[in-house]
Amino acid sequence: MIRKAREWLQNKVFYTAWLLLHITYQLQLEIRDFLRFNLRYVSKRLLSCFPLYSQQKELVDFVDEVSKLPKVPKHLAISVVPESQESVLSMLLNKLWQSQTQLSNTNSNKKDDDLKEIKCDGMNLQTIAKVVAWASAANIPVISLYDYNGILKTRYKELGGYIQEEIIQDFWAVKKTRANNDPPIVKFHNVHKTNGYTNGINGTKALDTVHIFVFREMMGNPTFHIAEAKTEPDLLLILGNVKSTLGFLPWHIRLTEIHWLPSLKRIEMCDFLGTLYKYAKCQQRFGK
Amino acid sequence: MMAASETLLEKLFRKILQQGSIPNHVALILDGNRRYARENNMQTIEGHRKGKNTFKKLVNWNAICGVKEVTVFAFSIQNFNRSTQEVNDLMALFRSTIHEILGNKEIMTNGRVQFIGNWPLFPKDLKPLISKLMVDTRNNTKITVNIAFAYAGRDEITSGVKNLLHGVANKALTLSNVNEDLLDKSLQLYSMSPVDLLIRTGECRLSDFLAWGSSDHAVICFRDEYWPSFTYWGLLECVFYYQANKFRIQQDFQEEEKNYQQSWKFLSMLKKGLWKTVENHDERQRNFGVQ
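Top line first, the protein sequences correspond to chains Y and R.
Here the UniProt record's numbering is used: the first residue of the first sequence is 1, the next is one more, and so on.
Here the UniProt record's numbering is used: the first residue of the second sequence is 1, the next is one more, and so on.
Honestly, the hints are just simulated from the structure, not real lab data.
Small disclaimer: the values here were computed from a predicted structure and weren't measured.
Where a beta carbon is used, it is the ideal one built from N, C-alpha and C, also for glycine.
Treat the hints with care, since some could be wrong.
Once the Cα atoms are required to be at most 20 Å apart in a straight line, the calculated SDA-like pairs of lysine to any residue come out as [said to hold, decoys possible]:
(1) Y/Lys4 to R/Ile16
(2) R/Lys127 to R/Glu100
(3) Y/Lys281 to R/Phe222
Footprint (simulated), chain Y over chain R, 3 or more residues, beta carbon under 8 Å [stated by the list, open to error]:
(4) 69-78
(5) 88-101
(6) 192-205
(7) 217-226
(8) 231-244
Could you put the whole structure together from the sequences, leaning on the hints where they help?
This is the structure:
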């Protein structure tokens, strides 16, 4: 009896310790990301008071730094984690919010539906476009975009528009420093339920069957072309705190460097540059 | 399994972690032996020996934590491109390790050992030893240890696909039978459960390891230290990491599972209803004397 009681108490104590450990860990992750992002934001705002600082200069410095790197990926893959999934705390809040909306009035108006859609997607297309523009500024010729739910592929036109805007905005800032003015090839992977397994079964190297847009220089009307690019990603960046490839084409990432970046809402150019530094340092031995 | 020596703090942390879910299948890429040897002014083979010692402890650590399956990337097909001297030294090391395992009563009675990889590429003198180990441990169930030897992920998928193609060519299968599940089960002697946690020391890439098995929902943990320096604490940290990330990853798969179960529930109710209609119709026919 006493032994059972002792075991019961021991289990309770261990369970409480386990819970506290995980809650503390998640909280410190959130706080660390929050502080890092906001400190950078505040310092940028302060710097913008000075006449010599500008976002364009930041971009030019970024391009300068990248040009000094010994190697840059030829094919960059970006896997986007929905904001709703990156933090356990936000997932719990999201669940509560969804259960609330189910309990409340079901006859919502269109505005509420749009809001719901945005919250369910949890992806800021403008930020994704920024990341693609940075990759383009870094002279990365091929960029693959992926998300497990296939949202990016279904919203590729909207995303294409944002990418176009970002590249035009950055064009004159990077034109002088970049040797190659060719626009990037952007590839979209995946539709929901058609994950890497099914692609493998279909025997496709999925690269051959994906729509690709080539953005032409903004001299005249932009044209979209379907083109093919048969390379495997050199670097896979996962935007979010989910430590998994989440089904990204398993056949194609055998030699790909995998790194994680902060989530969409907190990613900065310096984070992206940091990953390029890490990639430049890595050594491929190919088993030898 | 052999009782590994745990310090009090390690035991406490392990007991706390065991309140949450422990990964069922842990995969490890044992990388960094040569770099470890270089940094510690040792010969390359010494680095590999240190790596072997860490591997022996690893299986015990996993058994203590409650992991049911462990897969290690011991030697890839591309490793055959190393210098002849190094390859010969490594083969000699594998030979001695297999002899040690064969002589270890505890492993031989509790652990199931499976070698995964391209069997024709295995050295001829190692094949009898590997066969003996696999046959003698085939019925053990406590823990499964898969050793990836002469292995590459693409090679594994290709050979699985070839097996299915032969089946279709020999009319043992039709094309409609071919699906993910069948391919998954055709890859190895014993089907491996999906990888829950993949650990790699030294680098940040998968190097063609378990491309199929780790694709969907494995938590990936890249460690900075080299394999010989990997410790029990490192494993416990990775398990903690797995628990912290599992919830996020599993969310999507739980949604899929829920939808799948919902569809099946609907279908079985629909079919029940349809059968009832058919049976009712049949009863009415009998009541009116129509057969």
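Comparing the hints with the structure gives:
{"no.": "1", "hint": "Y/Lys4 to R/Ile16", "verdict": "holds, 18 Å"}
{"no.": "2", "hint": "R/Lys127 to R/Glu100", "verdict": "holds, 16 Å"}
{"no.": "3", "hint": "Y/Lys281 to R/Phe222", "verdict": "holds, 16 Å"}
{"no.": "4", "hint": "69-78", "verdict": "holds (count 3)"}
{"no.": "5", "hint": "88-101", "verdict": "violated (count 0)"}
{"no.": "6", "hint": "192-205", "verdict": "holds (count 3)"}
{"no.": "7", "hint": "217-226", "verdict": "holds (count 6)"}
{"no.": "8", "hint": "231-244", "verdict": "holds (count 4)"}
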